[in-house]
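For the record, the sequence lines run as chains A and B.
Residue numbers for the first sequence follow numbering that gives the first Met the number 0, so the first one is 0 and each next one is one higher.
Residue numbers for the second sequence follow numbering that gives the first Met the number 0, so the first one is 0 and each next one is one higher.
Hints were generated in silico from the structure; no laboratory data involved.
The beta-carbon is built from N, C-alpha and C at its ideal position, and this holds for glycine as well.
A portion of the hints provided could be inaccurate.
A few chain B residues that face chain A, going by a derived Cβ cut-off under 7 Å, partial list only [to be verified]:
1. P10
2. L11
3. G34
4. P52
5. Y54
6. P58
7. F61
8. L63
Not close to chain B: a few residues of chain A, all C-beta gaps over 10 Å, as computed [as the list claims (entries may be wrong)]:
9. S46
10. E170
11. A191
12. A204
Rough simulated footprint, nothing fancy, chain A against chain B, three-plus residues with beta-carbon under 8 Å [unchecked claim]:
13. 12 to 20
14. 66 to 75
15. 128 to 137
16. 149 to 161
17. 243 to 250
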Amino acid sequence: MPKVTGRVAAIKVDRDGSRLAEIACPPEAIPGAGQYVLAWAPADRDSPLATTVFSARRKQNSFLAAPQLPASWAPGTQLEMRGPLGHGFSPPANCRRVALAAFDRGLQRLLPLIFQAISNQADVTVFSDTALPGIPAAVEVFPLGDLPTVLTWADYLALDLPRRAIPHLRERLGLAPGVALACPTQALVFTAMPCGGAAECGACALPSRRSWKLACKEGPVFDLNDLEW
Amino acid sequence: MPKFELSLISPLLNASGTLGFFPDPRGPLDLSLLGAFITNPISLRPRAPASPPNYQPYPGGFLLHTGYPNPGFRAAIKRYASRWAQSTLPILVHLLVSGSDQASLDELTYMIQRLEGRPGIMGIEIGLPPNADAQTACAIAQAALGELPLILRLPLENALLLSRALSQDGLGDTLSAVSLAPPRGAMRVPEGLATGRLYGPALFPLSLATVLAIRETGLTVFAAGGVYHQEQFQAMLSAGATAVQLDAVLWRGGWQSP
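Hey, can you work out the whole structure from these sequences and the hints?
Laid out in C-alpha cells, this is it:
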C-alpha cells in the first residue's frame with residue numbers, strides 16, 4: 000500500500016464543538032464513503048499510532064475529515080497517509096428511499112452517503128440524536144427512537160454504530176428475534192483498528208455468522224446479515 | 000546445538016504480530032529493509048480473537064488485548080507454507096506454547112519437527128505462556144531444540160530473571176537469541192479492568208535498560224519495545240543487541256530508513 004503525503008488545509012469547528020479537518024491530498028488517497036485512511040503527522044514524533052480518518056465530504060483534491068481528530072493537527076500540519084483502506088458503503092444503484100442512522104456521534108461519517116443519495120434523486124431520511132452537521136434541506140430528520148417506523152419504507156438502510164451497540168441493535172431496530180430486515184442494510188462498525196489491516200492483529204474482530212470478521216480489512220462497512228447481531 | 004545458524008542480512012526485524020503471517024509487499028513497510036520476517040503467533044489449535052478484544056490508549060502508548068487469533072498450526076502450514084517458500088526474506092515462524100505441562104511441550108516439539116526442512120524457514124521464535132517462570136522457560140527451550148535456530152521471546156517484565164536462568168542452565172550456547180515480548184499491563188475502563196500487552200514509545204527506556212542487563216548474562220539479544228526512531232534503533236545496537244524488532248511503529252507509518 001503506497002504512502003502519500005497530505006496536509007491539513009483548514010480546521011473547521013462544528014456546531015457541537017467537534018473539529019473537522021480539510022485534508023489536501025492526491026485524489027486517489029481520498030477515502031470513499033465508509034472507507035478510511037491512516038494518517039500520522041511526522042511532527043508528532045512520539046505519537047504511538049496513526050489516526051483512523053473517515054471522510055465527511057469529498058472535494059476535488061481534498062476531503063473533510065470527520066471527528067475525532069488529534070488536537071495537535073492545525074492548518075499546515077503535514078501528514079503521512081496510508082489508504083484508502085477497507086470496504087465502504089455500496090448502496091444498490093436503484094434505491095430511491097434511503098434511511099441513515101447514526102447511533103453515536105457518527106453522522107459525519109454518513110454524510111458522503113447523504114450527498115450521493117441526493118445526487119441520485121433518492122429520498123433521504125436521517126435518524127440521529129446528536130447535533131446535525133450541515134445537511135441539505137431536502138433531508139428529513141428524526142430522532143433515533145423513530146428508526147423502527149422507517150424499516151418498511153426504506154429500500155436501503157445505512158447505519159453507523161459503535162461496536163458496543165451491536166448487542167442492542169435488534170432492540171433499537173424494533174425487530175423481534177428471528178425477524179429479518181426488510182431492505183438491504185449496511186453498517187459501519189466504529190471500532191479501534193490499530194494495525195489498519197497490516198497484521199490481522201484481531202483488535203477489531205467482530206463475531207460473524209461463520210466465525211469472525213476483521214473490521215480493518217473486511218469492513219468497517221459490513222452487510223448487516225454477515226454479522227452476528 | 001541447532002544444525003543451522005541464524006544469519007541475518009540486516010539487524011532490522013518486525014516483531015511477531017505486527018505484519019501478519021507472511022511478507023506482504025502491499026504492507027506498510029519496505030520489506031527490503033528487513034533481515035528476516037517474523038510471522039504472527041501460531042498455536043497448535045486455532046485461536047479465536049479475544050471476546051471482546053480491547054484497545055486502550057494512554058499517554059505514551061496503548062494497551063492491546065487480542066488473544067493472538069490464528070488459524071492453528073495445520074491450517075497455517077496449508078495457507079502460508081508456499082508463501083514462506085517463495086519469500087525473498089528468510090522466515091522466522093513464531094510458535095505459541097499453550098502451557099508448561101508435558102503435553103504442551105510435546106505439542107511444541109511436534110510443531111517444530113514439522114517445520115524443519117521446509118523451504119524458506121530460517122528459524123523458530125517461541126512465545127512463552129503467560130506468567131512463565133524460570134523453570135518453564137528452561138523446559139520449553141530444551142523441548143524446542145532441534146535443527147532450526149531458536150529464539151525464545153521473553154516478557155519484558157521478566158526478561159532479565161528468565162535470561163539469568165537460561166544462562167545458568169547452560170542454554171546460552173544452544174539458543175540463538177532471546178527476544179523481548181511486550182510487557183503486560185492493566186487499565187481501569189468503564190466496564191472494569193482491561194489487561195493486555197503494552198506498546199508505544201514510553202516503553203523504550205525500560206527496553207533499553209533490559210537489553211543492557213541481559214547482555215551481562217552473555218545471551219544474544221534481539222531488542223524490542225518502544226523503538227520508534229533511528230536513534231533508538233542505534234542505541235539498542237550500541238547496547239549490545241544483535242537485532243532490533245519493530246512493533247507498533249510499523250502500524251503508525253512504517254519505518255524511516257536513514
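Verification of the supplied hints:
1. P10: violated, 21 Å
2. L11: violated, 16 Å
3. G34: violated, 19 Å
4. P52: Interface hint status for P52 of chain B: holds (5 Å vs cutoff 7 Å).
5. Y54: Status holds, d = 4 Å.
6. P58: P58 of chain B check fails; min Cβ-Cβ to chain A is 9 Å, beyond 7 Å.
7. F61: holds, 6 Å
8. L63: holds, 6 Å
9. S46: About 7 Å separates S46 of chain A from the closest Cβ of chain B, which leaves it inside 10 Å; violated.
10. E170: Correct as stated: the minimum Cβ-Cβ distance to chain B is 19 Å, above 10 Å.
11. A191: violated, 4 Å
12. A204: Its Cβ does come within 10 Å of chain B, the nearest being 3 Å, so this is violated.
13. 12 to 20: holds (count 5)
14. 66 to 75: That given contact holds, which follows from 3 residues of the stretch 66 to 75 of chain B lying within Cβ reach (below 8 Å) of chain A.
15. 128 to 137: Answer violated; 0 residues pass the 8 Å Cβ test.
16. 149 to 161: Since three or more residues must qualify, the claim that chain A covers the stretch 149 to 161 of chain B is violated, with 0 doing so at under 8 Å.
17. 243 to 250: holds (count 3)
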